[in-house]
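Could you slot chain C onto chain G? The hints should help.
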Amino acid sequence: MIKMRESVIMKIHYGTALGAVALVAIHILFRMTQNFTVSLQYENVIANYHLLPYSLMLEVVLILLSIHGFNGLRVILLELKQGIGYEKIVNWGCISAMTALVAYGSRTILMAGMGIS
Amino acid sequence: MAAISPKMTEEVSQTAVPTPKSITLMISKFNPNHESSHKFVEFKVPVQKWTTVLDAILYVKQHLDTSIAVRYSCRQASCGSCGMKINGKPSLACYTKISELNSDIVTVEPMSNFPIIRDLVVDFTSLFSSHKKLKPYIIREDSEIASDAKEFLQTPKDVEEYLQFSYCIKCGLCNSACPTMATDSSFLGPQALTQAYRYVADNRDKGKKERLKMVDESHGIWRCHFAGSCSKVCPKGVDPAMGIQLLRGYLLGFRK
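Chains as they are written, first to last, in numbering that gives the first Met the number 0: chain G, 0 to 116; chain C, 0 to 255.
Since the hints were made in silico from the structure, they are not lab data. Fair warning: there could be bad hints in the mix.
[To be verified] No farther apart than 25 Å at their CA atoms in a straight line, the calculated lysine-lysine pairs in the PhoX-like style are these:
1. G/10 <-> C/207
2. C/149 <-> C/132
3. C/132 <-> G/80
4. G/10 <-> C/212
5. G/2 <-> C/212
6. C/132 <-> G/87
7. G/2 <-> C/43
[What the hints assert, rightly or not] With the C-beta cut set under 7 Å, the calculated list includes, among others, these residues of chain G facing chain C:
8. 4
9. 5
10. 6
11. 9
12. 78
13. 81
Glycine residues also receive a C-beta, built at the ideal position from the N, C-alpha and C atoms.
Bound conformation, chain G alone (with noise of 0.2 Å):
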């Protein structure tokens, strides 16, 4: 398997936070079109999966935040600990759970815009 260049991750981690701080703002505006405890009534979250473009954002805020986030922890816990046993854990261990969130994420956004409960 090709071994990504760490200047290559990091670029991405920049990427994911800034596109992630974008979105996010968005998310949090969309809060503020009605008064806040209403917009979190169950009515008014469901209604917001079945929109599909609200949906795909909420799906690429999922990815991107992952990806940051997982790429974070793998950060701090390769300068908790070295060794190359120890690395390859920790990068595939984050990568795995990237995927599983993003994957299980992915679910609940699909059920929830299918109106599957």
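Chain C only, in chain G's frame:
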């Protein structure tokens, strides 16, 4: 013989050397081959306004405890041998005057982030190997010392790009102050990364691609958190934190 007037006596007394005051010098003693932890040993040392920490340690070594291990050489902040933690801050012992510390108790310990050989002497193997790894010399195929060659000319602006970074004396104080080095033993460290920038920024050098590849690894340049403590402790006025950020610029495509 003429009698000395009272006025003259007063002048003489004003220029005379003041009686030295005394401070407590606490030296960390530790021999990793025989002991499990370090201990501080206290010494009373007479000091003058100009007494440096190294002078005080050498006074102790000469008069009170000959067994103290300390590394020093030039005594003028040029060789980078006498780095140690003075009152908790990484400093050169020959470049730190006791009067500047404003304290009657001065503690000296070996630098952090290096294995201790004995007392105040640390092992620089990792510092030198990281430095060597990044090829701290100009890489190019032709040479300016060949018989028919000319000197590689640089404008003052070209020299400015790297000049301050060439003042590094490899004393290890920056690596000792670095918080990343405290947990990541594989991190290249501010000293080596700054030297990588020094040669990358030199327009006579053709090894930029090679060096950037070396620093662009999992324990390389990206592990710097820009705490800036390296720049704070450098006795030669080098700004390693800035060198690291400028080097990052090449990897992010901001600099060519």
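The hints, checked one at a time:
no.	hint	in the structure
1	G/10 <-> C/207	holds (20 Å)
2	C/149 <-> C/132	violated (29 Å)
3	C/132 <-> G/80	holds (22 Å)
4	G/10 <-> C/212	holds (15 Å)
5	G/2 <-> C/212	holds (13 Å)
6	C/132 <-> G/87	holds (24 Å)
7	G/2 <-> C/43	violated (58 Å)
8	4	holds (5 Å)
9	5	holds (5 Å)
10	6	holds (4 Å)
11	9	holds (5 Å)
12	78	holds (5 Å)
13	81	holds (5 Å)
The structure does not agree with the numbered hints 2 and 7 stated previously, though it agrees with the rest.
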